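Colleague: Read off the chains here:
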Amino acid sequence: MSVGRSGSGGRVAVAGDGHGAAPWRRDPAAARRLGLAVALLVLLWPLLVWCEFRPWELLDERSLRATMRFAAQFLTPRVDLEFLALLAAETWRTVAMATVGLALAWVIAVPMALLATARLSVSALAGRMGRGPAALRWLVRTVLVVLRSVPELVWALMLVRVVGLGPGAGVLAIALSYGGMLGKVYAEILESADATPTQALLRGGVGRLQALLFGALPGCADELVSYTVYRWECAIRSSVVLGFVGAGGLGQQLDNATKMFAGAEVATILLIFIALVAAADRVSAWLRPARDAEPSRPARPPVRHGLRLLLTGLLALLIASFATLPMRWGELLGAGALAQMGRFIAEFFPPQLAPGFLARVGQGALETVAMSALGSGLAAVAGLAIALVASRPSGPLRWGTRLLLNALRSVPELVWAAILLVAAGLGPMPGTLALALHTTGVLGRLMAEALENAPPQTAQALRWAGASRWQVFAFATLPQAAPQLLSYTLYRWENNIRAATVLGVVGAGGLGQMLSLHLSLFQMRETCTVLLAMLALVMLVDACSYAARRKLNR
Amino acid sequence: MGLLELDALHLRVGARTLIEPLSLRIEAGEQVALIGASGAGKTSLLQAMALALAPAAGSLRLAGQDAWRLSSRDRHWLRRALMLAPQHPPLPPRQRVATAVLAGRLPGATMAESLRMLFSPNEAQARLAFEALDRLELGDRLWSRVDQLSGGERQRVAIARLLVSNARLWLADEPLSALDPQRAQRVLAVLQDAARAQDRTLVCSLHQVDLACRLFPRVIALREGRVVHDGPPQRLGAKQLDEIYEGLADGSPALAQDPSLSSPPQAMCR
Numbered sequence: 001m002s003v004g005r006s007g008s009g010g011r012v013a014v015a016g017d018g019h020g021a022a023p024w025r026r027d028p029a030a031a032r033r034l035g036l037a038v039a040l041l042v043l044l045w046p047l048l049v050w051c052e053f054r055p056w057e058l059l060d061e062r063s064l065r066a067t068m069r070f071a072a073q074f075l076t077p078r079v080d081l082e083f084l085a086l087l088a089a090e091t092w093r094t095v096a097m098a099t100v101g102l103a104l105a106w107v108i109a110v111p112m113a114l115l116a117t118a119r120l121s122v123s124a125l126a127g128r129m130g131r132g133p134a135a136l137r138w139l140v141r142t143v144l145v146v147l148r149s150v151p152e153l154v155w156a157l158m159l160v161r162v163v164g165l166g167p168g169a170g171v172l173a174i175a176l177s178y179g180g181m182l183g184k185v186y187a188e189i190l191e192s193a194d195a196t197p198t199q200a201l202l203r204g205g206v207g208r209l210q211a212l213l214f215g216a217l218p219g220c221a222d223e224l225v226s227y228t229v230y231r232w233e234c235a236i237r238s239s240v241v242l243g244f245v246g247a248g249g250l251g252q253q254l255d256n257a258t259k260m261f262a263g264a265e266v267a268t269i270l271l272i273f274i275a276l277v278a279a280a281d282r283v284s285a286w287l288r289p290a291r292d293a294e295p296s297r298p299a300r301p302p303v304r305h306g307l308r309l310l311l312t313g314l315l316a317l318l319i320a321s322f323a324t325l326p327m328r329w330g331e332l333l334g335a336g337a338l339a340q341m342g343r344f345i346a347e348f349f350p351p352q353l354a355p356g357f358l359a360r361v362g363q364g365a366l367e368t369v370a371m372s373a374l375g376s377g378l379a380a381v382a383g384l385a386i387a388l389v390a391s392r393p394s395g396p397l398r399w400g401t402r403l404l405l406n407a408l409r410s411v412p413e414l415v416w417a418a419i420l421l422v423a424a425g426l427g428p429m430p431g432t433l434a435l436a437l438h439t440t441g442v443l444g445r446l447m448a449e450a451l452e453n454a455p456p457q458t459a460q461a462l463r464w465a466g467a468s469r470w471q472v473f474a475f476a477t478l479p480q481a482a483p484q485l486l487s488y489t490l491y492r493w494e495n496n497i498r499a500a501t502v503l504g505v506v507g508a509g510g511l512g513q514m515l516s517l518h519l520s521l522f523q524m525r526e527t528c529t530v531l532l533a534m535l536a537l538v539m540l541v542d543a544c545s546y547a548a549r550r551k552l553n554r
Numbered sequence: 001m002g003l004l005e006l007d008a009l010h011l012r013v014g015a016r017t018l019i020e021p022l023s024l025r026i027e028a029g030e031q032v033a034l035i036g037a038s039g040a041g042k043t044s045l046l047q048a049m050a051l052a053l054a055p056a057a058g059s060l061r062l063a064g065q066d067a068w069r070l071s072s073r074d075r076h077w078l079r080r081a082l083m084l085a086p087q088h089p090p091l092p093p094r095q096r097v098a099t100a101v102l103a104g105r106l107p108g109a110t111m112a113e114s115l116r117m118l119f120s121p122n123e124a125q126a127r128l129a130f131e132a133l134d135r136l137e138l139g140d141r142l143w144s145r146v147d148q149l150s151g152g153e154r155q156r157v158a159i160a161r162l163l164v165s166n167a168r169l170w171l172a173d174e175p176l177s178a179l180d181p182q183r184a185q186r187v188l189a190v191l192q193d194a195a196r197a198q199d200r201t202l203v204c205s206l207h208q209v210d211l212a213c214r215l216f217p218r219v220i221a222l223r224e225g226r227v228v229h230d231g232p233p234q235r236l237g238a239k240q241l242d243e244i245y246e247g248l249a250d251g252s253p254a255l256a257q258d259p260s261l262s263s264p265p266q267a268m269c270r
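Just so you know, the protein sequences line up as chains A and B, in that order.
This note's numbering numbers the first residue of the first sequence as 1 and each following residue consecutively.
This note's numbering numbers the first residue of the second sequence as 1 and each following residue consecutively.
Possibly wrong hints are sitting among the right ones.
A few chain A residues facing chain B, derived, Cβ under 10 Å [unchecked claim]:
no.	residue
1	W24
2	A29
3	D60
4	M68
5	A71
6	A72
7	Q460
8	G466
9	W470
10	V472
11	A474
12	P479
13	Q480
14	C528
No wet-lab data here; the hints were simulated from the structure.
Being a predicted model, the structure only gives us computed values, none of them experimental.
Backbone N, C-alpha and C fix where the C-beta goes; we use that ideal spot for every residue, glycine too.
Generate the whole structure from the sequences, applying the supplied hints.
Modeller: Put into C-alpha cells, the structure is as follows:
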C-alpha cells in the first residue's frame, strides 16, 4: 500500500487495505528496543560470573554470626569527652581539607571548562568549529580526563611519597582529581542547556564572557551551584578516605579504629560522617530554588533571600580552612619537592610489559569493569525505587527515605567494603555490594531531584484526566526524567570504575589490588603498567558513556 | 440534571479574583464555546471545570456529584468523566506520538494495557491512535517523536487524545491557536463531529470569535471574570462584543498576534 502525503493536508492515503501492512502496523522502534533488552540481558551473565556474585553466601550461618558480632559492637558508640574532642578536631581537619581541595579544584576547573565547552565557540556559530579551536578543546578535554581518571586515593598514595605525610598530599589529590571532574561536568552542563540565548548573543557580536554571563549562566546557574555543593560533599567523603593513606582527619582515626577492631569507635566516627554529609545536604537544599508545593497555584518566584548570607558563610569557611591547615605551601611548591617528584616519576619508567604480567592486568581490568558495571546497575535499580518514595511531596516516607539515602551516601565505598569484608570475606562480591550501597545513596538522591525537577505540567495533564499515580509516572514523569536518570547512571558508572579500582586496596580484587600490591613492594614499573591500564580503562568507559549520553540527548 | 453544574463558583488566587461567583449548567451532549479577551478567565474556568483548580467558594457538580465535597480519591475517580486539552500541550520529549495519543486511554486502563501502550502499542491500540490522528491530518506522524512536532501539531495530538478518550466531557483550551485559519476550521469540524458521533459534551474556548459564533449553538462570553453573555450567538449584540473585547480594539498585543481578530469583532457575527 502507499503511504504518502496528499496535496492539501498531510492526510495519509489509506489505499487498498489488503495489499500490505496497514500504516499503524509498523512500529519502527520495536525491533531495536527488543534487541537492546536482549543484549543487556546477555551482558549481565558474564558480569555476575566475574563478580563472583553469590549474595546467598552472605546469609550462611558463619558469616551471619560474624556480621552480628560486628554489628553488636556498633550499638554502643564511644562517646566519652576526650574521644569526642579529638574527633571534633579531626572533623574540622577533614572539612578544611575538603574545602581547600575543592577551592583549588575550582580554580583548575573553571578556566578549563570554559575552554572545553563548545557552547562559547564563535567559529561553531557558522556550522563546524574551526580546526584550531577544536584541537584546543580536544586537548583540554584530554587533560581533564587524565586528571579525573586517576582516583584521588591513587593520587594521594603517590603524593604522599613526594610531599610526605600530612594534609598537603590529601588537599593536592582532591584538587587534581576534583578539578578534572568539575571541569568536565561544568562543560557538560553548559552544553546541555538551551543553546539559543547564548548563540543569539554571540551572533549579535557580544563577547564570549558576556555571552556566558548573560546567555548561558542564567539557564544553568542552579545546576552548576547544585553540582558544586554536591561535589563539596563528595570531597568531604574523599578527604575521609584519604586519611587511610596518612593525610590525617577522620579517615586516619577510622583506619586506626578498624585496625584495632574497635567497633564502638568506628560507630561514633561513622555517625559523625553521616551528620556531616546531612549538614552539607541541607546547605545544598537551601541553595536550590524552592519547589512549588501547590500545583493549583501559579508558580512562586524562587526564594533566595539567604543566598548572600550563605555565600559569606562559605567564604568564611574557606578562609578558615586555608588558615588552619598546616600546609607548608612553600615546601610543597619548592625546588626540593619538584626535584623529588621528578626522581619519583622517573622510577616508573619503563612500564613492565611482559606478556604474562599483561595477561594478569587484563584479567584484573575485566574484574574491575564487571564490579563497576554490576554495582552501578544494582544501584540504579535500587536508587530509582527509593527515589520514587523520596520524591513524594511530603510525609514521613519522604524524610525516612531521604535519611536512608543520606546514610548510604555518607559512608564511602571503601568503608562499606571494609564493613562488608567482615560478612562476606575477601573478593569482588563485597566490593560490588559496597559500590552498589554507596551508589544507591548517590543515585537515589540525584534521581529524586531529577524527578522533582521534571516540569509538572505533563504529569498534571494526565492526573487531571483521572489517570492513576503509576500511570502518570510511567507516561509523563519517567519519560521526562529518563534521559537524565540514565545520564546520571552512566556518569556514576564512570565514577565507579575509579572507585572499583580503589576498592582493590582493601582486597576486593581487580586492578586496585594489583596496584596496592606492587606499590607496597616498591615495584614501580609494574605499578606504572597497572596505572596505565587503569587510565586506559577509565578512558574507555568514559568514551562509551559519553557516546551513550550523546545518543540519549539527541 | 445537567452533566456539569456550577453554582456560585468563585475562583481566586490569593487576593486576586479569577472568576467572580458564577452559575451555569451544561447539559450532556451540548457544545459550548467560551470566548473572551486574554485574561478574561477562560483558562481558569476550564481548569475549574477539569477539577484542576479548587474553587474558593461555591460548588461544582459533575454527573450529579458535588466534586469538591468528595474525598480526594473519589474526586480523582470522577476525573475519568472528563479530559482537558491544554493550549500548549505538555508532552514528554522523546515520547512517540502514538503513545502520547494513547495516554488519553489511560484513565481506567489496566496495568497490562498501559504498559503495552507505553512500550509497544498492539494493533488495536495503534489503529485507534492512527485513526484519530488521521482525521486530524497527522496520520503520517504516528511513530514520530513528539519533540519533532510543531506547535500546531502538538495541539492536534492533544485533540487526538480527546478523540480516543472515554471521557464524557471534553474540555479544550484554545485548541486552534497555533493552526492556520483553513486548518483550524477543518480541525474544529472534526472535533465537533466526533463529539456528536461519540455522544460527548464539548466545552471549547476559542479566540476565533467568528468560528465560535458560526459553529456553536451556545456561546459563553467572559469579561474580567464575569459572564457577560450566555446563549445562542445570534443574541450576542455588536455592543456586547465591543464590551467583551474593549481595550483590545486599540491594537494591544493579544489582538495583533491573532489574525482572526484583526477585523472589528462585531463584523464577525453578522
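Colleague: A separate judgement is required for each hint: does it hold in the structure or not?
Modeller: Status of each hint after checking the structure:
{"no.": "1", "hint": "W24", "result": "holds (4 Å)"}
{"no.": "2", "hint": "A29", "result": "holds (7 Å)"}
{"no.": "3", "hint": "D60", "result": "violated (37 Å)"}
{"no.": "4", "hint": "M68", "result": "violated (40 Å)"}
{"no.": "5", "hint": "A71", "result": "violated (39 Å)"}
{"no.": "6", "hint": "A72", "result": "violated (44 Å)"}
{"no.": "7", "hint": "Q460", "result": "holds (7 Å)"}
{"no.": "8", "hint": "G466", "result": "holds (3 Å)"}
{"no.": "9", "hint": "W470", "result": "holds (7 Å)"}
{"no.": "10", "hint": "V472", "result": "holds (8 Å)"}
{"no.": "11", "hint": "A474", "result": "holds (6 Å)"}
{"no.": "12", "hint": "P479", "result": "holds (4 Å)"}
{"no.": "13", "hint": "Q480", "result": "holds (4 Å)"}
{"no.": "14", "hint": "C528", "result": "violated (45 Å)"}
Of the hints listed earlier, those the structure fails to meet are numbers 3, 4, 5, 6 and 14, in rising order.
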